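Chemist: Those protein sequence lines, which keep their order, are chains P and D.
Note that my numbering numbers the first sequence so that position 20 is 20, with each residue one more than the last.
For my numbering, count along the second sequence from 1 and bump the result up by 88.
Source of the hints: derived by calculation from the structure; they are not laboratory data.
In this text the structure is predicted, and so the values were computed from the model without any measurement.
Even for Gly, the Cβ is constructed at its ideal location relative to N, Cα and C.
Treat the hints loosely; a few may be bogus.
Listed below are several chain D residues computed to face chain P (Cβ distance under 7 Å; list not exhaustive) [stated by the list, open to error]:
| id | residue |
| --- | --- |
| 1 | R228 |
| 2 | H231 |
| 3 | V235 |
| 4 | Q245 |
| 5 | D246 |
| 6 | P454 |
| 7 | K455 |
Chain by chain, the residues run as shown.
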Amino acid sequence: MDELTKVVRDYIIREYLDEADDREITETTPLISSGIVDSFSMVSLLRFLEKKYFIHIPDADATPEAFDTVQRIVALVRRFQSAEVRSA
Amino acid sequence: MAFTDAVRNSYLTEIEGIKAAGLFKEERYIHSPQSSEIEVEFPLGSEIRKCINVCANNYLGLSSHPEVIAAAHAGLDARGYGMSSVRFICGTQDIHRQLENRLTAFLGTEDTLLFPSCMDANGGFFEACLSAQDVMIADRLVHASIVDGMRLGKAMQDTYKHSDMGHLEQKLQEHQDKRSRMIITDGVFSMDGDTARLGDIVVLAEKYNAMVFVDDSHATGVMGRTGRGAHEHCGVFGKIDVITTTLGKALGGASGGCVSGRRELVEMCRQRARPYLFSNAVAPVIVAGALKVMDLITASTERRDKLEWNAHYWRGLLKDAGFDVKEGNSPIVPVMLYDAKLAQDFARDLFDEGVYAVGFFFPVVPKGQARIRTQLSAAHEKHHLDTAIQAFRKVGEKHGILGLGKKELAAKYGT
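Bound-form chain P, shown alone:
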């Protein structure tokens, strides 16, 4: 597991699971469609990613589908990281 994937996965466990919740979060575990993260609480994940990686993810891209697994979130971050580099 690369560093970015680990950061995202650790944040999700810390931010969304209760201490007693022993569900395993893998790179492909559904997050939104399984109810672990809902659209109301998703905002904190979005802000975390933007702050940590100095990116801006527009609302149109911050969809429940794009946030549904760690894998997809990582892909989204990478896409905007490279966009930032290109525009720098």
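Use these hints to put chain D onto chain P, whose structure you have.
Modeler: Frame of chain P, contents of chain D only:
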């Protein structure tokens, strides 16, 4: 006409999708006043049957109280049927202000503004009172109307894990750079029936310089020694900056809600809250009825005390029967079934046994947390509860779930 077949079919497909997902909601027609026993026609066209009602928000049993009805009749005669106006044009009668003052005194706040509903109060408050320099930090299980209200607001949104004070503190630390912070919670959570940790929340609010917002719709008239709400129950009466609550539950159950709290925040709502500005004043007949409700609940705690006894007794009956009941001290007593289909089947079987209760499942509650939410009322007599538990036992035996905990239920039915 632009409602073409294609447009119609797209809606029909969507409705079919709702049905296929098991989320289709149907109304049941009640042919009697709201009470602990009601006459229900369901399915449509079937014979009307008498049921014990354990799913109304009629906590104090005032929805059909003769004195409330008489006061409403008198109000209708004295002040008319409707105002035909929003409040600030020509929709404010003396009795609107009287009711606001009564609510202010009852809730222990500085001022109150009536709204058409608490949904509207929550929908209008955040946009009116907070700006982009502020942050709203909400418990993740707050009512849907708060979620909608926050989305309409300009302030930054954040959430904390349900009743997790460590997580809330972390969020408050994170947002110290904002102009102001507002902690947002329900007083009693509608689906779980648990009470917010308002004592701890007020301590954190003082430590991190935050305001506290409480939707006390399920607690006003109910919680606390004199029924003032969750803040009285938690020993922080007078320390909550904003309380929103409803006249649609314990306080007569008709309609109407309010924002009650710091004078300046209430004034901001009067100036800027769009549901207040752009919808009609609460009808005089409801205001007159609600004033009588305030008389009744301030004169005696008899109803609130009876409700507390009923809730305690009912909780004990369910536990003794072997149901998995969520812990709490409110009149909301969820019977946990975890599986959505089981919850639906259980509610249908209860109805066949003469008990009206409703199954709740995702997305109303988290996945794998399906339940029958039972709600007590001061209108329930002991014999209602003794009869209702027999139905619960019978249906529980039918499904083989008595004595089973979460893991056993999940193994048997899934989640």
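Chemist: So which of those numbered hints doesn't the model satisfy?
Modeler: 2
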